[in-house]
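Engineer: Sequence:
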Amino acid sequence: MDKVALVVLLVSITAVVCQKNRDWHVGVDTVNPSGTVVHGHANIPLHRGNDGNLNANVHGSRVFGGPYNREQTVGGGLRYEHNSGLHGGVDATNMRGYGTTYSASVGGSRRLGPGTFSVDGGASRRPGSSRTEGNV
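In case it helps, UniProt numbering puts the sequence shown at residues 1 to 136.
Possibly wrong hints are sitting among the right ones.
Just the calculated beta-carbon pair ranges, DEER-fashion [claimed, not checked]: (1) 68 with 117: 37 to 45 Å; (2) 70 with 48: 32 to 40 Å; (3) 72 with 49: 29 to 37 Å.
The set of hints was computed from the structure by calculation and includes no laboratory data. For every residue, glycine included, the Cβ atom is placed at its ideal position computed from N, Cα and C.
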């Protein structure tokens, strides 16, 4: 019963928050061996202009039943895309019992023949670590 109530609540909140041109998703999946995960995200446009776009996002999940019962993640972030092809973003995600992961990314892309050439990089800091990990 708790699962049904949570799904109804998530769908109701998402439907109110994510009207018009907002992108959102709520789903329910199984987790082996015997659990169920409810997950969702919403992308909310904050600025649309001739020079670029700024979007906020929220995301989360919760497991019911099985050995991962009560596992939960929640997070949010911002992403900017300039019309020149430059883009970047920041995100923070908290996993219950483990802490918060912070991440940032930046990149650029250009049309190249029939395709697109992209270069991206990012960095993240995991909970309890003093190291920052990166990738390109």
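Engineer: Among all the numbered hints in the text so far, which are the ones the structure does not match?
Structural biologist: none
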